[in-house]
Structures are given as C-alpha cells and as structure tokens.
Amino acid sequence: MKSLTEHLWFEVPNRRGVINITPEIEELIQRSGVTEGLCLVNAMHITASVFINDDEPGLHNDYEFWLEKLAPHAPTSAYQHNRTGEDNADAHLKRQIMGREVVVAVTRGKLDFGPWEQIFYGEFDGKRRKRLLVKIIGE
Amino acid sequence: MKSLTEHLWFEVPNRRGVINITPEIEELIQRSGVTEGLCLVNAMHITASVFINDDEPGLHNDYEFWLEKLAPHAPTSAYQHNRTGEDNADAHLKRQIMGREVVVAVTRGKLDFGPWEQIFYGEFDGKRRKRLLVKIIGE
Amino acid sequence: MKSLTEHLWFEVPNRRGVINITPEIEELIQRSGVTEGLCLVNAMHITASVFINDDEPGLHNDYEFWLEKLAPHAPTSAYQHNRTGEDNADAHLKRQIMGREVVVAVTRGKLDFGPWEQIFYGEFDGKRRKRLLVKIIGE
Numbered sequence: 001m002k003s004l005t006e007h008l009w010f011e012v013p014n015r016r017g018v019i020n021i022t023p024e025i026e027e028l029i030q031r032s033g034v035t036e037g038l039c040l041v042n043a044m045h046i047t048a049s050v051f052i053n054d055d056e057p058g059l060h061n062d063y064e065f066w067l068e069k070l071a072p073h074a075p076t077s078a079y080q081h082n083r084t085g086e087d088n089a090d091a092h093l094k095r096q097i098m099g100r101e102v103v104v105a106v107t108r109g110k111l112d113f114g115p116w117e118q119i120f121y122g123e124f125d126g127k128r129r130k131r132l133l134v135k136i137i138g139e
Numbered sequence: 001m002k003s004l005t006e007h008l009w010f011e012v013p014n015r016r017g018v019i020n021i022t023p024e025i026e027e028l029i030q031r032s033g034v035t036e037g038l039c040l041v042n043a044m045h046i047t048a049s050v051f052i053n054d055d056e057p058g059l060h061n062d063y064e065f066w067l068e069k070l071a072p073h074a075p076t077s078a079y080q081h082n083r084t085g086e087d088n089a090d091a092h093l094k095r096q097i098m099g100r101e102v103v104v105a106v107t108r109g110k111l112d113f114g115p116w117e118q119i120f121y122g123e124f125d126g127k128r129r130k131r132l133l134v135k136i137i138g139e
Numbered sequence: 001m002k003s004l005t006e007h008l009w010f011e012v013p014n015r016r017g018v019i020n021i022t023p024e025i026e027e028l029i030q031r032s033g034v035t036e037g038l039c040l041v042n043a044m045h046i047t048a049s050v051f052i053n054d055d056e057p058g059l060h061n062d063y064e065f066w067l068e069k070l071a072p073h074a075p076t077s078a079y080q081h082n083r084t085g086e087d088n089a090d091a092h093l094k095r096q097i098m099g100r101e102v103v104v105a106v107t108r109g110k111l112d113f114g115p116w117e118q119i120f121y122g123e124f125d126g127k128r129r130k131r132l133l134v135k136i137i138g139e
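From first to last, the protein sequence lines stand for chains A, B and C.
Counting in the working numbering, the final residue of the first sequence is number 139, and the numbers go up one at a time with none missing.
Counting in the working numbering, the final residue of the second sequence is number 139, and the numbers go up one at a time with none missing.
Counting in the working numbering, the final residue of the third sequence is number 139, and the numbers go up one at a time with none missing.
Only chain A is shown next, with the shape it has when bound in the complex (with noise of 0.2 Å):
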C-alpha cells in the first residue's frame, strides 16, 4: 500500500470565501503515485469546509446568501458559543451544512470525477492561515 499526506495552508483575506483546490489535489494524486485508492481531502479547522460542487461565481454567491439566511452572523450575541470571546458561532454552523471533508476516488492515477465536480476549501472566519489535509491510499 502507498500513502501520501500533505497538508495545504490558506489565508483567505475577507471573513468568507471559496477556493479552487482541484488542481493541487490532481498534482497531490500524481506525485503519491496510487493508481488505484481513495483521497481524503478535510478542513483541519472547524470552521471551514471541504465540498464538491461547481465552479461558477453566481452559485458561490448563492450559496453565500443562502448560509447566511440559514446561519447568521449577526446578531452575534444570538449564540452562546461567542460567550467565549469569540464571534464565529455562525461559522461552525455554516460548515455544518457545507461539510467538513470529501473522499474521492483515484482512478488509473487520476481523480475519478464527473465532468462539472470540483473541489473547493470554503471559507467562513477567515482573515488568517489555516490548514487542510488531503490523505491518499491506495497501491
């Protein structure tokens, strides 16, 4: 069995955000040299999301709209989790709801993927360095 495991480090500068992370998932896949296996790809921080869905800017920014309608930010004072001093409550919700990691399939040394599936780091207190893992097994 082979395995590699890399971790991929981010600094979004606004509190929300979506990142493209297909292409150093394919570069990832390549340099392991599994033909055959599985890749896990998690957020390392529990308010961020790893999700597949498409890359087009008008649904980020849906999807943007929609977890703010389902999970508010403000008022941040709605949830007993910013007691603590914090204010990202509504970020641990929102990566409820996006996921917290993807597994996808190596196939012949490649990501086995729909044609519209991509992968992105989603973003929701951000303005600082924060890490994803991607794991990959397989022979």
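FYI, nobody ran anything at the bench for these hints, they're computed from the structure.
Among the hints, erroneous ones may be present.
If chains are identical, the list can't say which one is meant, so a pair holds when it fits in one copy or spans any two.
Unchecked claim - Below, in silico cross-link-like pairs of lysine-lysine (BS3-like), each with a Cα-Cα straight-line distance of 30 Å or less:
no., residue 1, residue 2
1, K130, K110
2, K110, K2
3, K110, K69
Following the hints, complete the assembly by docking chains B and C onto the known chain A.
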C-alpha cells in the same frame, strides 16, 4: 490490495426523486472480492446526492417538503446561478444538505450496516441520464 | 493491509445529546496497529450523527437551538413519517445536517487532526441503546 470501480446510471423521470441502491452496492461488494475494506459511493453530478437513511416513503416525502422549504426551487430568479441559463440552483443547494457521498465499511465481504441503513441516490434535477461512482478498496 | 472493526454502544438518557468520542477512537487506532491509513466512524442508526467540531458546551447548545429551528420536533403531526407510529421524523432530518459519518486520516499511528478537531456522537432520538461503527484500514 484489491479494488473495484463501477459507474451506475440513472434517469429519474421527474425533477426530484429517491432510489434505493443498496442491492446494487451489495452486489458490487461481492463481485469485488473485498472482505475487509471501504466502499465509496458518490454522485458524479453536482445536483444529486448519495445518502443513507430509512427506506420509508413518508420520510422521503418529508425530505422533499423540508428541502423545498430550506432551498425553494422558485422563484428561480432569486438565484444568481440561474442567470447562466439554468433553473437548477436550488438543486445545488439541496445536494449540500443531503451530501455528495457515503463511505461504508465492508466487513466479512458484506456491507457493515445497522438494521435500518439503506443507501439512496437522491436526484434534485432529473429528467436526464446521470451517473454515480462506486469505488471499493481493501483485501 | 491491516484492518480493525469495532462497534461502540451508547445510551443517551435524553432525546438529544452530544458525546465526545475522540479518546475511544484514538485508542482503537493504537490497537489497530495501523500507522498510515483511513479511519471511518459512522452512526449505525439513522437518527444519529457522527461529526467533527469544537468541544465547547455553548456551541453544542447553539447546535441544539439551530437544529430545532431548521427541523422542529413538534408538531410531530407535520411529518408523514410519524404516521408510522414514530415521533422521530425530525431526528432523521437533523441527522442529514450534521452528517452520518466522518473519515479521518491516520498518520504515524495517530489521528491527524487540527488543533480543535474533536469527534462527536450526536444523538437526536435517544433513551435507547444505539451503536456506531469504527473501521480502520491501512498499514
């Protein structure tokens, strides 16, 4: 390490629908020859889900009603994504709630499932042929 | 390839509750002898979740309040599923938001986690014994 890769095709006649795919997954696990391992099942389209829950039609109707409340299809003009000529922005949102994929354990050559667990393909933008991926690895 | 399969049992005394299971998962990873691999942790019941977030009681109260707003328990007659004699339709919905499973990386024999990541069992229909599954594969 053994592995098996298979695509399953669906054409749901309505915009939305739910299909129990557990028997197909069980059969693929048997065919793979894997006795201990992991099985990934994911939608390859970004307006569909794979999820595990109860095979109870009343519950499926509850999901339909609930998802339509959380992410309504109409008015389609409420979504920026639909300015691209699509009318399926809601489907991209519903799929985030229900999830892209499941990872299930294979133990002694079978799905290692609780008493009510069943795997479903959830379609949110149907009336056309769409695929899902099954990837089984183990030994 | 090595693998380990284990079931953990819980009986949450109330309808809903959250239990930190990180120490149990760490111990199982050590017992498995896997140093590089993947670990799947999933609820085997369809009204419970496994998720990763912060071990902060205020946040857990925020989840409770938020999930009850998105998928209220009452009126139970609002759900078709409850016509089967159940009163737990809301639990099937809440579990979709919080997720069935997590897949986590095992690196150098340990959970490969960010600073605040903790694994939780989330119960939405308690007062009875329920199981979760841990499956570790790797080498």
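Give me the numbers of the hints this structure contradicts, sorted from smallest to largest.
3
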